[in-house]
Amino acid sequence: MDMTEVVNAAELKNILEAALLTSHEPLSLDDLLRLFAGRMERATLRMLLDELKQDWSQRTMELVQVASGYRFQAREEYADYLARLNPERQARYSRAVMETLAIIAYRQPVTRGDIEEIRGVTVNPNVMRQLQERDWIDVVGQREVPGRPSLYATTKHFLDDFNLRSLADLPVMEDFVQGEIS
Amino acid sequence: MDMTEVVNAAELKNILEAALLTSHEPLSLDDLLRLFAGRMERATLRMLLDELKQDWSQRTMELVQVASGYRFQAREEYADYLARLNPERQARYSRAVMETLAIIAYRQPVTRGDIEEIRGVTVNPNVMRQLQERDWIDVVGQREVPGRPSLYATTKHFLDDFNLRSLADLPVMEDFVQGEIS
Amino acid sequence: MIETPLNAKIKGEEFTALPKDLYIPPDALEVYLEAFEGPLDLLLYLIRKHNLDILDIPMADLTRQYMQYVEKMRAIKLELAGDYLLMSAMLIEIKSRMLLPKPAEIAEEDDPRAELVRRLMEYEAIKLVAQRLDDMPKVGDGISVASAYYQHISQVKPPGVTLDDLTEAWRNVLKRASHFKHHKIGRAELSVREHMSIILRRLKTDKFVEFTQLFDVVNDGIPKLVVCFLAILELAREGLLRITQQEAFSPIYVQIALDSNHGHD
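So the sequence lines, in the order shown, correspond to chains A, B and C.
With my numbering as the guide, the letters of the first sequence map in order to residues 1 to 182.
With my numbering as the guide, the letters of the second sequence map in order to residues 1001 to 1182.
With my numbering as the guide, the letters of the third sequence map in order to residues 2001 to 2265.
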């Protein structure tokens, strides 16, 4: 296949499909443009992606957009079957880890001190390490106070893993207490 | 979806498709049987895999059987496109390559003999090949001496890559030469 | 008294409340007490368990209940985090401040409980949202992303080279080749060299070119024409091209020099 040939939209979509079905990581628009050696307009690319998404709308995989780009993922209805393939599923994180992650996600950027203040307990360094190793959080700077504590924020990878395009897509934090009591 | 439901062949194939498209590793028949919690005959599974292979025969991926099992893989015709996604960056050019290029740029047109005389070492043919493959130098003629050695010069592409309008834009080092050598 | 579910899992099982009339082995109690994520978590549990109004916390009750739990923790020698003791002190302080006669001018927001209530509410919101994050499907846990195989052809990206790299290489060449001092190359000479290459390229395709054809008198200015002329002279001097003229005033032709050993064909 030669790029100089006139390739029709179906063929262009096939190239996109092949790339997206074989990539482990989401592919950004810039990544996808590289497939065509820069010989494609962003607007055309977006249009083709929309069509591809449509083409797959009744099939096993769905084309979704997450923070760092586009990816195909199996539709939710197959999750239970696919879970059987890997019975030794990843151990769930402790409440301490998930609460720390929630604080960083909703209150970022925060220091360890901020997290301790909200949770009312000291933060085990192990908790931070687990989140960093998973590439869900990282250090984005230091707060300019004595000791210059590190400021933590969530990563793009966190958004990708949680199937989110941006922090605005996080579940809304509700004032549950008020609601339940009144 | 409940396994106790009667699911038709299309749905079973979808489950196989979702599993095979999302697996990093080839899946063996035993792996695939686990998807159905053991409620499938091997013969049925083989038949479904044959059908699935057939379903994809005109599409971007092909279902192939390798030593450790089945996998979907992008058809060969997409390999060149996919290669553009992750170009491997080559290490730096060797000193020999850079000096040879410098000599050709500043002293063109030159023969290999000229370059050897200036550098005081023989020029590895591989060095010239690398520069020619990069389209930075080419042969512009032969010197009419015994052996008719090729005369090398830099190309337009060289000027483009180094963001030069002409060779006269190359930095000159008269000062350096005078200071250092005299 | 309404028992609200305790958000705790012990060895995978949902733990809603302490069985009241059963003997609890000390290690089980330990597990139970350890299920609290800290003093705020324990306080929230007590408020829910005893159906207390978080906006009007009866400090005496809450403090008493809290202290009972802390005592239990001590009794089983659970390594008591300083955070729990700190909270005890804080509760006692709030309680005692509430016992003080309230001067009339003290406004509502000066309620000694205000800060505690704010923290409890914030913590509860985080706790619930953490639960929701935990329940969300995630890549590797509920979400399977496409990762079909493809034949990796390594397309090698050539090394990046800058002009600095090139001049550095040239500098090194000059440094070593000291006999080069007579070959200082200035801009003018570079232009000449460039034209030498251009003319050779031209003669490679055209073989035989009329002298005047090598000059673009319409578009090139005098300096460029001079450079072109110098390039022709230099090429001739280096024996790379031959200039011929059949007779005086007839056209001058330029061609690649042919070695006497070659090309007499």
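Keep in mind the hints are simulated off the structure, nothing from the lab.
This one's a predicted model, so the numbers in the text were calculated from it and none came from an experiment.
Beta carbons: idealized from backbone N, C-alpha and C, even for Gly.
Among the hints, erroneous ones may be present.
Only some residues are given here: those of chain A computed to face chain C with a beta carbon under 7 Å [said to hold, decoys possible]:
#1 Glu-51
#2 Gly-69
#3 Phe-72
#4 Gly-147
#5 Phe-162
#6 Arg-165
#7 Ala-168
Straight-line Cα separation of at most 30 Å, DSSO-like style, residue types lysine-lysine; simulated pairs [said to hold, decoys possible]:
#8 C:Lys-2204 to B:Lys-1156
#9 C:Lys-2138 to B:Lys-1013
#10 B:Lys-1156 to C:Lys-2175
#11 A:Lys-156 to A:Lys-13
#12 B:Lys-1156 to C:Lys-2224
#13 B:Lys-1156 to A:Lys-53
#14 C:Lys-2204 to C:Lys-2175
#15 C:Lys-2175 to A:Lys-13
#16 C:Lys-2095 to C:Lys-2127
A quick look at each hint next to the structure:
The interface hint given for Glu-51 (chain A) is violated, since its Cβ lies 18 Å from the closest Cβ of chain C, which is over the 7 Å cut-off. Taken as an interface hint, Gly-69 (chain A) does not check out: its beta carbon lies about 12 Å from the nearest beta carbon of chain C, beyond 7 Å. The beta carbon of Phe-72 (chain A) comes within 4 Å of a beta carbon in chain C, closer than 7 Å, and the hint placing it at the interface holds. Interface restraint check: Gly-147 (chain A) against chain C, minimum CB-CB distance 20 Å, threshold 7 Å, status violated.
Interface restraint check for Phe-162 (chain A): the shortest CB-CB distance to chain C comes to about 6 Å, inside 7 Å, so the restraint holds. The restraint placing Arg-165 (chain A) at the interface with chain C is violated, with a minimum CB-CB distance near 14 Å, outside the 7 Å limit. Checking Ala-168 (chain A) against chain C: minimum C-beta separation of about 14 Å lies over 7 Å; hint violated. About 16 Å separates the Cα atoms of Lys-2204 (chain C) and Lys-1156 (chain B), which keeps this hinted pair within 30 Å; it holds.
Taking the CA atoms of Lys-2138 (chain C) and Lys-1013 (chain B), the gap is about 24 Å. The hint holds against a cut of 30 Å. Note on Lys-1156 (chain B) and Lys-2175 (chain C): the hinted pairing holds, with a Cα-Cα distance of about 28 Å set against a maximum of 30 Å. With a C-alpha separation of about 26 Å, the suggested pairing of Lys-156 (chain A) with Lys-13 (chain A) holds against the 30 Å cut-off. Restraint check for Lys-1156 (chain B) and Lys-2224 (chain C): satisfied, since their Cα atoms lie roughly 18 Å apart, inside the 30 Å limit.
For the given pair, Lys-1156 (chain B) sits about 43 Å from Lys-53 (chain A) by alpha-carbon distance, which is inconsistent with the 30 Å threshold. A threshold of 30 Å between alpha carbons decides the hint, and for Lys-2204 (chain C) with Lys-2175 (chain C) the separation of about 35 Å lies outside it, so the pair is violated. Pair hint Lys-2175 (chain C) plus Lys-13 (chain A) does not hold up; C-alpha atoms about 56 Å apart against a cutoff of 30 Å. Taking the CA atoms of Lys-2095 (chain C) and Lys-2127 (chain C), the gap is about 26 Å. The hint holds against a cut of 30 Å.
In the structure shown, a violation is registered for the earlier hints numbered 1, 2, 4, 6, 7, 13, 14, 15, in ascending order.
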